[in-house]
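Peer 1: Next come the chains, spelled out residue by residue.
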Amino acid sequence: MKRVRILMAIAAAAMVVGLYLTLTSPTDRLQGEFTRIVNIHAPSMWVAFLAFGVTALASILWLVRKADRWDRIAEASVETGVLFTATGLFTGMVWGQAVWGRAWDWADPRMASTAVMFFVYIGYLALRRATPDPGMRARRSAILGAIAVVQVPLVYFSVNLFRSLHQTQSIRPDGATMPDEMVIALLVNFLAFTLLYVALTAARVEVAKAEEAKSSETVPAGDAVATPLLSEVKDV
Amino acid sequence: MDHRRFVYLGIGGVIAIVLALTLTGLNDSLTYYLYPSEAVDQRAEFPDGERFRLAGIVVAGTVVEGDGSTSFAVTDGGADVPVVLNGPQPSLFAEDVPLLLEGAWSGDTFEADSALIRHDENYEVPEEGGAYPEG
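For the protein sequence lines, the chains are Y and B, in the order given. The first sequence: position 9 = 922 (my numbering), numbered continuously. The second sequence: position 42 = 373 (my numbering), numbered continuously.
Calculated directly from the structure, the hints in this document are not laboratory data. Bear in mind the structure is a predicted one, so any value in this text is a computation, not a measurement. Keep in mind that the hints are not guaranteed to be accurate.
Said to hold, decoys possible - Covered by chain B, per the in silico footprint, the following chain Y stretches (three or more residues, Cβ under 8 Å): (1) 933-942; (2) 1029-1043; (3) 1055-1067; (4) 1083-1091.
To be verified - Partial list, derived from the structure: chain Y residues whose beta carbon lies under 10 Å from chain B: (5) Asp1018; (6) Pro1022; (7) Phe1075; (8) Glu1130.
For each residue, glycine too, the CB sits at the ideal point set by N, CA and C.
All chains, full assembly: derive it from the sequences and hints.
Peer 2: Following this line, the structure appears as structure tokens:
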């Protein structure tokens, strides 16, 4: 738990620096003050991609090693990823309403693919809640976690593959299409959000450990009324 | 029921969603919007009243404010299309701004009922500092 507190402190310090740069960096001539939203929007979506990538890796490791810790990391990372996807969608809608003149357009490939990714990972969390047996829950969610990650490149490259209302990437291998101060503010926020992701996910893993410890204490008492485990009914 | 079947159904569902998304996305790349030169080339495929979206940059000096409507031309460098916008202007509407219009041909004019600002990936600081001048 001490480790989580240290991670939280580091993330909080980085977020403060990021917020300072967000509020002091120059603004775009067309977007005005709404320029600043990109410093929350883009890092949120980056963290969502990272989180779902970590889940896929942990899911594959669980399928290979069958160790509980990979299942806990996979679950924790999806929860953080869903939270940041929601942040990314919400900030995007605020910006869209202000700059485009519309918060949402289903015909846009970036928006539609992000929404589907959001719902699939909410489905991952629902699948976990719907599967009471820990072994079967870990297996099912590992398979889904390993497959669902194919959406990440689809969402990221949707603006390059298809015509979209959403703009394309501003920081690219061949350089940036924004002034240096904006690039620095954005990159610091990418780092700060990544640290926040690490801290939140580590904290969620600790919660999962505590939940497991608690449920292993209470299972014998509740056996008479508990749902029969599927693994007891039928061989897994 | 065999739980494996449940898992396979789940996997199949995810793959189906991804495939459907990719295919409908491909469809949208053809129909999501046309640039002015494409709209002019494909004029015959879009008879009057057939709705489509048009993306172009507002040509400087063409904006005429009417009573509840705005006329102007949009361009992609290849062709200019005259537009009548019957509806509210987006709050950042100005000359040289990229627009995404929804509407249909009416003769040689594109009659739009909605307009969105199509912001691109370029971020620029104004020379004087501060936000875009109020229009």
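Peer 1: When I compare C-beta atoms, does the stretch 1083-1091 of chain Y have three or more residues closer than 8 Å to chain B?
Peer 2: Coverage by chain B holds here, the residue count being 3 at a Cβ distance below 8 Å.
Peer 1: Taking the least C-beta to C-beta distance, is Glu1130(Y) closer than 10 Å to chain B?
Peer 2: At about 28 Å, which exceeds the 10 Å cut-off, the nearest Cβ of chain B leaves the hint on Glu1130(Y) violated.
Peer 1: Three or more residues of the stretch 1055-1067 of chain Y near chain B by CB distance under 8 Å?
Peer 2: holds (count 7)
Peer 1: Under 10 Å is the threshold here; is the Cβ of Asp1018(Y) close enough to any Cβ of chain B for the hint to stand?
Peer 2: Constraint on Asp1018(Y) satisfied, holds at 8 Å.
Peer 1: Report holds or violated for the interface hint on Pro1022(Y), using the least CB-CB distance to chain B and a cut-off of 10 Å.
Peer 2: 5 Å, holds
Peer 1: Take the stretch 1029-1043 of chain Y, compare each residue's beta carbon with every beta carbon of chain B, and decide whether three or more fall closer than 8 Å.
Peer 2: holds (count 3)
Peer 1: Verify the interface restraint on Phe1075(Y): the C-beta must sit less than 10 Å from at least one C-beta of chain B.
Peer 2: Holds - the Cβ of Phe1075(Y) comes within 10 Å of chain B, reaching about 4 Å at its closest.
Peer 1: Count residues of the stretch 933-942 of chain Y with a Cβ under 8 Å from any Cβ of chain B, then say if the count reaches three.
Peer 2: Since three or more residues must qualify, the claim that chain B covers the stretch 933-942 of chain Y holds, with 4 doing so at under 8 Å.
Comparing the model with each earlier hint shows a violation of hint 8 alone; every other hint is respected.
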